[in-house]
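> Required output: the full structure, derived from the provided sequences and hints.
Single-letter residue listing:
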Amino acid sequence: MDSQIIEVLNVTRETAWLPWAVQYFFLIGLSYGSFMLTLPYFVFGRAQYEKLGRLALLGALACGLTAPVALLADLHGPGRFLNFYLHFQPQSWMSWGSFFIPVYLVGLLLYAWLALRGDFAVQGQGGDSLLTRLYRLAGRGGVAPRMAISAAALLTLVGAVLVALYTGMEVMVVHARPLWNTAFLPLQFAATAFAGAIGLALLFNRFVGDHDTQLEIGLNRLLVLALAVVLTLGGGWLFVSLSGVSPSHSAAFSQVAGMPQWQLTAVWAVLATILPMALAIWRPASSGLITGLIAVHSAWMMRWTIFIGGQSIPKTGAGLYDYHLPLGGDGLLGIVGTLGLWIALLVLMVDYLPWAGQAFASRNKKETNALATSAIAQH
Amino acid sequence: MIQSRRNFLRALPAITVGAALAPAPAIASAAGEEEGKHRWAMVVDVQKCIGCQACTVSCIMENAVPENSFRTIVSTYEVHEGKHTGTYMLPRLCNHCANPPCIPVCPVGATFQRKDGVVVVDGDRCVGCAYCVQACPYDARFINHETGKADKCTFCAHRVDAGLLPACVETCVGGARIFGDLNNPNSKVRHLVDQNKMKVLKPEMGTQPHVFYLGLDERFQGRVEGEGTLWQPSGHGA
Numbered sequence: 001m002d003s004q005i006i007e008v009l010n011v012t013r014e015t016a017w018l019p020w021a022v023q024y025f026f027l028i029g030l031s032y033g034s035f036m037l038t039l040p041y042f043v044f045g046r047a048q049y050e051k052l053g054r055l056a057l058l059g060a061l062a063c064g065l066t067a068p069v070a071l072l073a074d075l076h077g078p079g080r081f082l083n084f085y086l087h088f089q090p091q092s093w094m095s096w097g098s099f100f101i102p103v104y105l106v107g108l109l110l111y112a113w114l115a116l117r118g119d120f121a122v123q124g125q126g127g128d129s130l131l132t133r134l135y136r137l138a139g140r141g142g143v144a145p146r147m148a149i150s151a152a153a154l155l156t157l158v159g160a161v162l163v164a165l166y167t168g169m170e171v172m173v174v175h176a177r178p179l180w181n182t183a184f185l186p187l188q189f190a191a192t193a194f195a196g197a198i199g200l201a202l203l204f205n206r207f208v209g210d211h212d213t214q215l216e217i218g219l220n221r222l223l224v225l226a227l228a229v230v231l232t233l234g235g236g237w238l239f240v241s242l243s244g245v246s247p248s249h250s251a252a253f254s255q256v257a258g259m260p261q262w263q264l265t266a267v268w269a270v271l272a273t274i275l276p277m278a279l280a281i282w283r284p285a286s287s288g289l290i291t292g293l294i295a296v297h298s299a300w301m302m303r304w305t306i307f308i309g310g311q312s313i314p315k316t317g318a319g320l321y322d323y324h325l326p327l328g329g330d331g332l333l334g335i336v337g338t339l340g341l342w343i344a345l346l347v348l349m350v351d352y353l354p355w356a357g358q359a360f361a362s363r364n365k366k367e368t369n370a371l372a373t374s375a376i377a378q379h
Numbered sequence: 001m002i003q004s005r006r007n008f009l010r011a012l013p014a015i016t017v018g019a020a021l022a023p024a025p026a027i028a029s030a031a032g033e034e035e036g037k038h039r040w041a042m043v044v045d046v047q048k049c050i051g052c053q054a055c056t057v058s059c060i061m062e063n064a065v066p067e068n069s070f071r072t073i074v075s076t077y078e079v080h081e082g083k084h085t086g087t088y089m090l091p092r093l094c095n096h097c098a099n100p101p102c103i104p105v106c107p108v109g110a111t112f113q114r115k116d117g118v119v120v121v122d123g124d125r126c127v128g129c130a131y132c133v134q135a136c137p138y139d140a141r142f143i144n145h146e147t148g149k150a151d152k153c154t155f156c157a158h159r160v161d162a163g164l165l166p167a168c169v170e171t172c173v174g175g176a177r178i179f180g181d182l183n184n185p186n187s188k189v190r191h192l193v194d195q196n197k198m199k200v201l202k203p204e205m206g207t208q209p210h211v212f213y214l215g216l217d218e219r220f221q222g223r224v225e226g227e228g229t230l231w232q233p234s235g236h237g238a
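Top to bottom, those sequences are chains C and V. Residue numbering for the first sequence follows our numbering, starting at 1 and increasing by one per position. Residue numbering for the second sequence follows our numbering, starting at 1 and increasing by one per position.
Derived from the structure by calculation, the hints contain no laboratory data. Don't take each hint at face value.
To be verified - Label-pair restraints from in silico Cβ distances:
(1) 271(C) x 208(V): 41 to 47 Å
(2) 80(V) x 88(C): 49 to 55 Å
(3) 88(C) x 158(V): 26 to 32 Å
(4) 204(V) x 333(C): 38 to 44 Å
(5) 197(V) x 87(C): 37 to 43 Å
From the three backbone atoms N, C-alpha and C, an ideal C-beta is built for every residue, glycine too.
Below is the structure:
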């Protein structure tokens, strides 16, 4: 007999992993993705990738330093993080993560310092201001030996792989949420992280660097590859879900397939992948701003959909839980605050780190001109 | 047996005096006994539940559960079958699983299972990461707004340890919630579990719940396929 069930009374379980978690997964992904983009220049010495390496290093640092702040905020009490180190639980991916994050971040800071040590030394030449003395201190020893940079890069790489592994596995092992419980998820997190990092590099090339057309073309080509991987993984998940090979995947698909909001999200996600691919192929030299923005947006939206969307699916009740983004710290303010911290760190690094070296001639020229203009004005 | 309202009213003084003198409803054993000897469990006789939410309220009062949060609730559904419409009540709470998925994910070991099977959270150690909230297949856990830590049904462990019944069991109007020791061959839960075909929620998850349902409709055993809830408490942090 046909039956219809209407849920009259039940409790809405509120989102427990807040937008802070989305920010953390997004930023740490962009960070390790950006770090990978620094390797061709700083580790393998490919001179043609110098601009990419330097811009990506800025991205890796800004995102890497902001990410843990968002993670701490999600604990509802930042000081509680100490318990992670007092009560290690080897069976919990999150517990392992608390050790992997410092490995990655310490490695990244060491690597960045060694990579820029020669530039610190140059910056510290002449003058006796406090800043110059600090530059001299940081640049003591001059250009770091390639071996030292490579060793630091290896440590960071190990940290990056472990962070990518734990962030994916941590969510994947949650059997209670079929949408999360898929082996595709860690790969999708990593692939979208790389696509996002390439998008960030495209934006940095425009706004922080000197808008190098060759770099834009190269990054757009790389973005096409990364987005193709993203698309393949998404297609793979869809195939496994529809084919009935895996009951868990089929359950995840059936939970969301009939929901208009999820259908819209799926169309949006596909468009946000195909559109930048098409643009990057069609206009590789001039579409960097748009493709970069969409790639970064896709990386964020994927995590938002997985976390916030995933938690809106009741485990026992009917329909969907409503989610309204709160305006305070648990919602919009958290997102804006993280973005603000990221911008602040980026501005500080752009201004005070010798990140650019001698690679950005036009940028250096602009700065020299600006200095000259201000000197003339003072006279 | 009191058969009429008049007789009942006549007998009321005697009943109240008796109630005052008699010990509170208690489970057979009390605190102080060897841990591991008991395995606490609950049987929910769905057909006896009238959806009054007395259990919901008594749990909130007993455990100081914050506003808009619930350790237990009676999910209520309207079921239309052809020309007939009925109401279906399903009391939900932590299942105190034998294989609880909330425990291995905890990054600090704050959530653990006592030897008597009760799954509890060490509030001093909990960091409020909500990993256990995600891992529970029954949506039985939540982050307490006041403490910022994981919260859940404890089978009223503080009462059980004192030899009392959980608050929800004691206040259940229809006698739908039966609590006891599965390890005790003479306990009512042991008899009910042995003599009836019990069901548990989401058996395919392999969690081995220790809240057993008598007369559970299969359509309500997993995620309910139906129209969404009408009532939504205010958002997080409200």
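> Taking the hints in turn, state whether each one holds.
To see whether the hints hold, each was checked on the structure:
1. 271(C) x 208(V): 41 to 47 Å: holds (44 Å)
2. 80(V) x 88(C): 49 to 55 Å: holds (53 Å)
3. 88(C) x 158(V): 26 to 32 Å: holds (29 Å)
4. 204(V) x 333(C): 38 to 44 Å: holds (40 Å)
5. 197(V) x 87(C): 37 to 43 Å: For residue 87(C) against residue 197(V), whose Cβ atoms are near 42 Å apart, the range 37 to 43 Å holds.
Against the hints set out earlier in the document, no violation occurs for any number.
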